[in-house]
Every structure is written in C-alpha cells, then in structure tokens.
Amino acid sequence: MILNFQMNSLTTVEQLEKGLWRITARSDDDLFSAELTLDVKTPALDIRQAALEIRRDALGLVPDVSGAMTKLVGVRVGPGMTKIVRGILRDESGSERIADLVLEAMEMLVNALTVPELRKATQMVGVPVRLEIDGPDVYLNDVLLGEEHIKLMAGNPRMKDSCVAFRDL
Amino acid sequence: MIMLVYSRTKTIGVQKQGANRRVVSGVLEDELYAMQCEIMVNWDNRTIEKVQTRMKRFTTTRCPLAEKVFAAAQGWKLDSELDGRIKKELGRMGCRHMAILMVDACRALARAELARELREALEKDPGLDNKQFLEDFFRRYPDLKDYLRLE
Chain A
1 MILNFQMNSL TTVEQLEKGL WRITARSDDD LFSAELTLDV KTPALDIRQA ALEIRRDALG
61 LVPDVSGAMT KLVGVRVGPG MTKIVRGILR DESGSERIAD LVLEAMEMLV NALTVPELRK
121 ATQMVGVPVR LEIDGPDVYL NDVLLGEEHI KLMAGNPRMK DSCVAFRDL
Chain B
170 MIMLVYSRTK TIGVQKQGAN RRVVSGVLED ELYAMQCEIM VNWDNRTIEK VQTRMKRFTT
230 TRCPLAEKVF AAAQGWKLDS ELDGRIKKEL GRMGCRHMAI LMVDACRALA RAELARELRE
290 ALEKDPGLDN KQFLEDFFRR YPDLKDYLRL E
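Chains as they are written, first to last, in our numbering: chain A, 1 to 169; chain B, 170 to 320.
These are calculated hints, taken from the structure and not from any lab test. Given the structure is predicted, the values throughout are model-derived calculations rather than measurements. Fair warning: there could be bad hints in the mix.
Covered by chain A, according to a simulated footprint, are these stretches of chain B (three or more residues, beta-carbon under 8 Å) [to be verified]: (1) 172-180; (2) 183-191; (3) 199-212; (4) 222-233; (5) 283-291.
Quick partial rundown of chain A residues pointing at chain B, CB under 10 Å, derived from the structure [what the hints assert, rightly or not]: (6) 15; (7) 27; (8) 66; (9) 70; (10) 111; (11) 112; (12) 124; (13) 141; (14) 144.
Glycine residues also receive a C-beta, built at the ideal position from the N, C-alpha and C atoms.
Starting from the given sequences, assemble the full structure and let the hints guide the process.
Structure follows, in structure tokens:
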C-alpha cells in the first residue's frame, strides 16, 4: 500500500555547555516545513534564544512570528509554560502550529532531564519482566519500574506529573 | 564536545483506501518510549471507526495499561473538539505521549486530504487562487475549518 501523505518530526536536545541546552524541533509534511531552535539555561531553565525558520509553506498562510519569538526569551521551561507560550503565539496574528512546536521543544527538555532519574531508578530497583504484549521472540522491555517504586518516583518533584504513571498517587 | 542528550522522532503516514476510507499510522520513538497507533476513519462523515495502539517500549509496569484506553475514540469526529477530548479523556487516563501521537495522526489525516485536493486542483488549474481553493474546501468540510490549523 502506497502512502498518500507523510508527516515527520524530529526534536533533539543537546548540551552546548554545562547548564546550557539547545533544543531543535523540525516538522515536515507535504504542505509545511519548519525548524525551531531554543537555547535554555539552568538554573531557571529560561529561554535565552529562540529562532524559527519556515522552510516551506505551500499555502503561504503561516504569519510572521518573529516578534513572538523575541517575546519567548525569558520564558521558563516548567509549570505554567503552556499558558504563557500559547498567550504569546496564539493571538490574532499568531500561529497555533508554531505554539505547538515551541511547547514540544520545551517538553523534550523536561523529558531529557528526567532520563537520568529514570535510568538510575531502573538500574537500582527495576523489576525484570517478560510481558505478554512484548516479544514473542525479541523483547523490548527487560526491566521496568514496579508499583512500589512508581510511588517513590512520584514523590520526586522532577518526576511528579511528568506522565500519567506518576500522577494521583 | 557537543553530544546528543535526547531525541524524539514521530512519523505519520496516511493512506486513502477506496473512496471513503482513510487509514493513518503513527510511530513515536524517543529515549524513554516507543509506541504506535493506527486509526481508521470514514471520510464521508469524518468519524473514527477503529483505533489500535501498541505501547512498545516504556518505563513502568503501568504504561502498557494505556493500550486499553484509546479504543474509546471510536465514533469521535474530526472537529474542533477532538484534540481536547483525546488529551483529556484519553491522555489523562492512559498515556499523554500516546495522546499527542494520536492528535498528530488525526490532524495529519485532515491535512493529507487538503494536500490531495490541492494537488488535484493545481493539476487542473496551475494558476489556482489559494484563497478561493480554501474557501471551497471548507465549504465542503465546514467541521474542519476550526480543526485544520493552517496558520
């Protein structure tokens, strides 16, 4: 079966130097292509630089959001960022698509920062598993966090509410 | 030396199966998760007929429970309410990463239809007026006007 349409996105997080992160989010489909770059610095995790390149816009409908990009500088990755970013990018002359791209980039930094915590926990207290939904010949999940340690992880401020598994515990 | 710390790829493909059926498949892969979803839509009424999801790689024993949640989207329409319903009614109950993949997949499906019709229109009229084309498209699919965020 031959596809009629494709959408691809790639978001990467790099550490430029200690405490300085660069997130690059690229989205491509038949109609549209854009690349966003955010530089974010610890300890506040505030955006230091935001840049957007629209590579292709078949219908020519994406507005000029260069002013909004400037307003992103200073916005922090963390609680409340969704409302703030949407407020900056979704006004009458704004773009919900670009707002989504910015939020996805910011969320990937959150994910990147949770990886060491999850890796450490999985190595220390992970439970060996062989799940029915995995395999049957090649298993992608050999060790998972069990119920007891999910509750412990949910108490970690960095992990709490980062996904459904760590909520409402 | 600068090295990659984290990356996420999402790829979504849309198929036109016959006059009225559309099938969209989405795959998400990053350091923490790998998952996929397939959605079948009746294009005549823009309604989701079937959803199947697979949590492939994850971090906790709770994650695979999310697979049961997403089939509830059967019967939902592609309209301005859809994103919110998927995120709130499915994402918060199952897995918000899968919910994001599903939102992107449904939106890609609507964009695919617009792109397909745009190609056909351009073949007939290379000097096509974009504005007029969009007005005609949304006259035929008024429920997509607030759903397809083209700006």
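Now for the hints, and whether the structure bears them out:
1. 172-180: With 9 residues close enough to chain A, the hint holds.
2. 183-191: Check passed, 4 qualifying residues.
3. 199-212: holds (count 4)
4. 222-233: holds (count 11)
5. 283-291: holds (count 4)
6. 15: 5 Å, holds
7. 27: This interface hint holds because 9 Å falls under the 10 Å limit.
8. 66: Where the cut-off is 10 Å and the nearest Cβ of chain B is about 15 Å from residue 66/A, the hint is violated.
9. 70: Constraint on residue 70/A not satisfied, violated at 19 Å.
10. 111: This interface hint holds because 6 Å falls under the 10 Å limit.
11. 112: Residue 112/A check passes; min Cβ-Cβ to chain B is 4 Å, inside 10 Å.
12. 124: 14 Å, violated
13. 141: 6 Å, holds
14. 144: 5 Å, holds
In this structure, the earlier hints numbered 8, 9 and 12 are contradicted, and the remaining ones agree with it.
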